[in-house]
Each structure stands twice: as C-alpha cells, then as structure tokens.
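2 protein chains.
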Amino acid sequence: MLTYDLNECPEKQPLYEFLYERIRDDIVGGRLAPGDRLPGKRSLANHLGASTNTVMRAYDMLLAEGFLYARERRGYFVEEVNYAPKPRAKARLLPDEAPARPKAAEASIDTGGTRASLDLFPASIWGRCMREALSLPTDELMRAIPHQGLSDLRSALCDYLYRNRGIEASPNQVVVGPGTELLFDQLLVLLGKGSKFAFEDPGYRKLETIADLRGVSWERIRSDEGCLRVDELGRTGASFVRVAPANLFPQGRVMPVKRRIELFEWANAEPGRYIVEDDYDSEFRYGSKPFSPLFAEDVNDKVVYMNTFSKTLAPSLRIGYMILPPGLLERYESSIALFSSAVSSFEQYALARFIEKGHFERQVYRLRNHYRKTRNLVAAALASSDLAGILDVERCDAGTHLLVNVRTRLSNDEARTRGARAGMRLSFLEDYTDLQAPSPGVCRLVLNYAGITEGNLDDVVGALRAVFL
Amino acid sequence: MLTYDLNECPEKQPLYEFLYERIRDDIVGGRLAPGDRLPGKRSLANHLGASTNTVMRAYDMLLAEGFLYARERRGYFVEEVNYAPKPRAKARLLPDEAPARPKAAEASIDTGGTRASLDLFPASIWGRCMREALSLPTDELMRAIPHQGLSDLRSALCDYLYRNRGIEASPNQVVVGPGTELLFDQLLVLLGKGSKFAFEDPGYRKLETIADLRGVSWERIRSDEGCLRVDELGRTGASFVRVAPANLFPQGRVMPVKRRIELFEWANAEPGRYIVEDDYDSEFRYGSKPFSPLFAEDVNDKVVYMNTFSKTLAPSLRIGYMILPPGLLERYESSIALFSSAVSSFEQYALARFIEKGHFERQVYRLRNHYRKTRNLVAAALASSDLAGILDVERCDAGTHLLVNVRTRLSNDEARTRGARAGMRLSFLEDYTDLQAPSPGVCRLVLNYAGITEGNLDDVVGALRAVFL
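Residue numbers (my numbering), protein chains in the order written: chain A, 269 to 737; chain B, 269 to 737.
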C-alpha cells in the first residue's frame, strides 16, 4: 500500500494537493510503474488516516492531468508515459532587467523625436472624466467594444472636427485605435496587399517599416518647396499616398493649393486611388488658422483622415482615430472590423466626456500658446547667442520644432556624438530622408522644442555652443 | 483697387481671416487672374480702413497656402493655379449611424462567444488605483512608453505569476499589449513569415484570420480526447503551435501529461520550433489547482506564454501580455520593439497597483466562486427540467462554459435560428472546428454561462425548451 506521512504536509498546503504531489513524484520517479493499480480511495484514506474526500481529490487531479487512467469498476491505474529525465531547478541566467536597447532617450536634454511637453497634461480634469466613466452602469462599458470604438467617442470626435476642421463625417465612418502606428497598419490591411504605397521624403519612416511587415510595397516621393511632387507620384504607379498637408515636415508649411489640386487630380484619375491625410500637429499652427483638411474638400471619397491625441494630450495615452470615406466602409466591415477594439473603453469614455465638455479645445488652445511662446523664446535665445553668426532658423509655422541650419564643418554624426557628450540628443533633416543628400558645410538640425523650458534654455544653448563652436 | 466691405465680417470672425477668405474667393472664382499684382499692404489697409497688420496676416495666409507668390521689392502676385470647378456643398448621403454588421449580440440572452460576467468588476477599487496613477509625477507616465510596457506592471506580473503559476521570469521578458489578438499578431511578426503555424481543432479561429493577414501559412491539427495530436503536428512541418494546456477547448480539461511530454519532444527535436501557450481562463478551474504551465516546465527556451485580463477584469480593458523565452529577446528587440506600446500608461500603472496590492488575486478568487456557483446552478436547472431526458452535460472543470449534448433532429443552424427567435444566442462545437463533422441527431451546445444569473436562469431554460422541445 502507498504510504506517505501526511504530517509532513506544510501548514498552508491543502492535504489533497500534498498527496497528489507525492503520488505524482512516485510516478515520474518510476517508483510506481505504468499499469500499476492504485489502492481504492477508501482503503488508502483509511491507511493514511485521511478523509476519502482528500484521496478522491488527489486521484481526480492525477486523472485530469493524465498520470492515471480509470477502468470502470476496476479502479485507477498508472498511465504509460515516457518521462524524460527532468533537469533540476534550472539555474539558467535570466538576462538583466536593464533593457538591451541603446538608451538614446537618456540624454538630459531631448530635442529629437516627436516628444510633447509633459507638464501641461490636465490630470485633474482627466481624472474627473475618468471617475465619471467608472461610475457608469457597467453594461455598456464592460462588453467587448466594437472595433470602431465607443459610439459616444465617435460622436464627440465628429462634433469637434466639424467645429474645428470643417469636416462633415458621420460617427460610423470613424475608427478609434491605439495610435497612428496601429491605425496605419489596419489601413494597410484594409487597402490590401496588391497595391503600392507612396510616402513623402522627408517623412515619418516608421510607416515604411510597418508596410514592410505587412508585405506592402512602397516608394518614397521626392519633395520640392517642402512638398511632395505629384508628378513623381504619378510615375510610381502607387495607389495610395500618405501626406500631412497641414504641416509639411520638417518645414511646418502647409501644402500649397496648387499641389492640393494636383493631388486630387491624381486621386480622381483612377479608381482605387486614395489619399491618406495625416493631420498630426495641425492643432499647433501659429501664424493663422489652418487651411481646411483635404478630407473636407474631397467630393469623390478619396481621402482617409487620421489624427491622434499623443501630442495634444499625452503620448502615453494611446488613442488615435481615422475617418474612412463612405466608399471604404463595406470593405472595412468585412476585414478589420472583425477584431475587438484595442482601446480601453474606460479611456474612450473619459475622452468622449473630455471633448464634449470643451476641455479638449481649451487644452489645445493652452498648448498652442505655450508652444508659440517656447518657439519665440528659443528662436530669440539662438539669435542673441554667439551662435547667431553661424545659424539660420527657417520659418516654421507649425508643430513643435524649428529647422535650424548651422554652417559647420562637422558631419551630422560628428555633431550627434558631440551632442550626446554634451547631454543633448540631436536630430537632423537627413534622419528623415533617403533622397536628399546632406549639404556640405551645413548641418540641418530638426530641433524639437517641446521639452525646452525657461529653466533649461541656457543648457540647450550651452550644449549647442559646445557642439558647434 | 480690391474693395471689400469689412463691416460684413461676422462678429466672431477675425478681420484678417474674413479678408483672406474674400481674396481667396476672388482668386478661385477667377475675378483675380493668375499673374495679377495685389495692392501693397499699406495702401490696401488705407483703402479698406483696416490696420496694416490685418492685411499683412491675410496676405501671409494666402502666401502660405500658395494662392499668392511674392517677388522681392515688387509685391504679391496671384499664383497660376488650375482651379477645377468645385461642386457646391456636397449633398452626399452619409450612411446611417446604424452599424452595417448583423446585430448578433442583441439577443437578450447571450450564451455564445467569450463574454464575461459584467457585474463583478471592482469599479471603486480600480478607480482608486487609477486616481493614484493620475496623481503621479507626470514624467514617467507621460513619455511615450517602451513597447514592452511600464516596468512597474511587468514586475507586478512576474511576482503574480511566480506566486500563482510557478513561473519564473524576469520583467524584461514580458511584453504588455492590448489583448491577445494584437499580441498574437506581434508574435507572428517576431517569429517570421517563412514558417508555418499550427492550431488546435477545435479552437479559436480568429487567430487564423490574423495569420492570413500577415501572410503566415497555418494548418489545423486534429484532436483526440480533447487534445491536439502531437503525431499529426509533426507531419505538418509547422514550426509553431498554439495550445491552451490549462483549459482545452471546449471540454475544459487540462492537457494530459503524456501530451505535454510529446509536445516538448516535438519542440526540442528541431531548432526554431516554439510552443505558444495561451493560459486564457486558467484562473477559472473548479476541481483542483491547475497543473503548472508549460512555460514553467520548459528548460530549452521553447515556450512563449500568453494571457489576458479580458475575462478576469473586463473585456473592455484592453490589456494582455506575453512572456518571451530569453532566446527570443534579441529578435524581439530588432523587430517589434521598434514600435510604441499600444496600451495607455495610465491603465498600465493602475493595473500594476491593482496587482501589487493583492486586489487582482482577490478578484480572481471572487470570480472563480461566482462562476463555480453559476455552473452548478445551470447544470442543476438543466438536470431538473424536462430537457433532462434529451441532454447530457459534459464535465467541464474550467472556463465559463458547459458542453451540452442535446439529442435532437434539429441541425445546428435550425437550432440557432430558433434560439434567435427565443431571444437567445447559441454557439455550437462545430462553430470552432473544421475537422470534426457534426454528429447526426446531436447538437453539441457550447453554453457560456458567464451571462447567466439567478434572475434570468428561468428564461435560459425556457428558451432552450422553446428551441429543443
């Protein structure tokens, strides 16, 4: 008869589990052989001084996990299993917690990338909207959300866009998603694999990686006067093009009306052509009200509109959206709409309230003023420093960066290395372009000022002096 | 000289914008011809009785948008643009707000799909954790999050998994993502396109669509005794297989130890083979403590572990995670880690607190008891109804559904239609399988009881009676 000392069972472990482990170890260790018959539950219980229930639960676990099999009216037998000798507790070395990635963002002054100003997030108002969301009846909020997103949020977005961007769209054209990267990825699925995508050069290069991962071919289109050349676009055979007409990168200009018209002509010339309009940073335009988006001008269902809250609220709040032209809705329903929304409904609801109550418009207004001031501050500090003699600041009327041309013998990489040594992360126009060669004797600095404050302005100028003087 | 009545400017519109619109309309309408020279700023200002600044801003907007060009010391000229006649305000019909999708979920009793019980979400505790998140210093919380997720959450997950699932993993092996669908998609990118995926049949079919969209080929593997046949797996040439060993679908059994060993043998036999272990619903096991996951038994870096909070917290809270074996971390760094995390850092932080403080373990305990009771309630109600004569409930020790075999002449589709008429959404085993033919004379109902309460139990039995009696 199987004999185990149940007094050895640790205080916190249930008896049946202890018994289960002992029998299992005997099977794995070969002390109980395949085909061996186990004692009946009642007799083993008597033998061990345990309750029948304890033995029954242990047997049930062994049965469920395949260590035993049962024969009706005959009892429990050990299963025929080829137990490989199992190495003891693995002493394998886990990689350190320190991330393997180079810590580019560790520079104390970060003027690269797309960062936003972190101090202006309206945490208390957002918290109030979130509390409202959490106090709602659970029914709507707890279900798996339709892929397009909560209807409250889609309605609030449509109202906002109508008031502020002249866009007339119905909430059922809106798709909410966790940021531009994933929305763009969904768009690739929607528009299909057989086609070719065109991107502006210079431009946002991560989208090209996303297209690669979907197996969608793409080509970069040369720009002149800061804007993609539509004649070159026609030559590529692309069906889709991504543009940011409200904020051409990196000059921050708007797309001239001539190009807008050419772009529509290109899209209208063949069925299946679409313009993907990224309205990123259109909220941050300092000179004048932005021109209306292509989506609002479109009369032939040729434009997909995209935007995100990563800059207007926080990059860590993963909410963006796209608006599909009615002609794409059916295709959408049969492809990507199958999946659940990837955005938490609590945050969708909180954002809907935040927009409906006007907090979002006030937040954009506040940020725009803040960035305008920062831009002027930075431009003035550069102009009055002894760097003034070697640099020109190009007019940038949008976004949160300045394009600064520095006359220097340094290459971009030399300047970048010196910047890192001075505690400053630098980006250059050439980081965003494949088609434009660097001009000899000039570093074209893309200076994101969203992280610059009155407090660190002197450090910024000091670091630039250390790099270039 | 251009003449506009600035008194017509609506009260709320800035004067410069009104002037800009008038001039733009004259250019688009052809009243100002390409090449026409515009009056100087000061003289137009005098002429209209406006400030020079107003005219300057209007000209600047027209310039920025490409309606005008400037010649140094000569002034502003109308740009040569080929304005297509623009249709007037589009009277296009927007599709109705009503979604185009069939409203399957509208049935008043929903026993299909993967729904969770909605009333047990601990909204007030969650709200407290969220408030804590919102009161944190913004710096960590506001930055773009690394793809892997907040380190607080990854650490909390590792501690929880160690205590509850015997998993030893370092936080840098954890990848947080917005639910299983997207994590699985990332895994496809990580494991690469050249290979083949294997899925259990019956199984979770959405994953196959996700693989199709990534261009990854796949095959379904036949099961016996509720578990995938590893001998068939070897035959397919697949490199990856997705299994749910803690909760084989739909029987809710665990994977027998024999199959577990075979599966490891399969994975260890060739480099590049991986087991993707979905531990979904392992928290809801009613008989005994679940067997340890494959990930914890693995000694050769062959297992990727996945789980989600959609059932243990709420399906609308989009957070899941996977744990990569150390051998995949480098590949991960160079592929999917390039992208931003798609999960809001507020919710990541709130979830980290929720787990650290033990709320999550209590919530799982509470839900498990609730579901156990519901399961017994439903099984008892079926057994004591006059349906008892035509149905058997298969033992289901995990998850939130029962497998109910109903002896009937109805086909699944006939039963489904009758169910819809009785206000009840039904799922059948055959909805999840390609390889198993329906048994004539039997409907194999997969009855998710997460939405069943004492309050609607009579309606559930009533609807089943209406369908089958």
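Since the hints were made in silico from the structure, they are not lab data.
The reader is advised that the hints may include incorrect statements.
Repeated chains share a single entry, so a pair holds when one copy, or any two copies, can fit it.
With a straight-line Cα cutoff of 27 angstroms, these simulated BS3-like cross-link-like pairs (lysine-lysine) come out [what the hints assert, rightly or not]:
1. Lys474 with Lys461
2. Lys280 with Lys641
3. Lys461 with Lys280
4. Lys461 with Lys570
5. Lys641 with Lys570
6. Lys474 with Lys570
7. Lys280 with Lys625
8. Lys625 with Lys526
9. Lys309 with Lys474
10. Lys464 with Lys280
11. Lys309 with Lys526
12. Lys570 with Lys464
13. Lys570 with Lys309
14. Lys280 with Lys474
15. Lys526 with Lys464
16. Lys309 with Lys280
17. Lys570 with Lys526
18. Lys309 with Lys461
Hint-by-hint comparison with the structure:
1. Lys474 with Lys461: Both, since 18 angstroms and 20 angstroms are each at most 27 angstroms.
2. Lys280 with Lys641: between (63 angstroms within a copy, 25 angstroms between copies)
3. Lys461 with Lys280: Intra 57 angstroms, inter 48 angstroms, cutoff 27 angstroms: neither.
4. Lys461 with Lys570: For Lys461 and Lys570, only the intra-copy Cα distance (18 angstroms) is at most 27 angstroms; the inter-copy one is 32 angstroms.
5. Lys641 with Lys570: neither (37 angstroms within a copy, 55 angstroms between copies)
6. Lys474 with Lys570: within (24 angstroms within a copy, 30 angstroms between copies)
7. Lys280 with Lys625: between (53 angstroms within a copy, 21 angstroms between copies)
8. Lys625 with Lys526: neither (38 angstroms within a copy, 60 angstroms between copies)
9. Lys309 with Lys474: neither (64 angstroms within a copy, 44 angstroms between copies)
10. Lys464 with Lys280: neither (63 angstroms within a copy, 45 angstroms between copies)
11. Lys309 with Lys526: between (88 angstroms within a copy, 24 angstroms between copies)
12. Lys570 with Lys464: within (16 angstroms within a copy, 37 angstroms between copies)
13. Lys570 with Lys309: neither (73 angstroms within a copy, 38 angstroms between copies)
14. Lys280 with Lys474: Result: close neither inside a copy nor across copies, 52 angstroms intra and 41 angstroms inter.
15. Lys526 with Lys464: within (24 angstroms within a copy, 49 angstroms between copies)
16. Lys309 with Lys280: Only inside one copy: Lys309 and Lys280 sit 24 angstroms apart there, 87 angstroms across copies, limit 27 angstroms.
17. Lys570 with Lys526: Within one copy only: 18 angstroms inside a chain, 57 angstroms across chains, cut-off 27 angstroms.
18. Lys309 with Lys461: Cα proximity of Lys309 and Lys461: none, with 62 angstroms in one copy and 52 angstroms across.
Hints 3, 5, 8, 9, 10, 13, 14, 18 from the earlier list are contradicted by this structure; the remaining hints agree with it.
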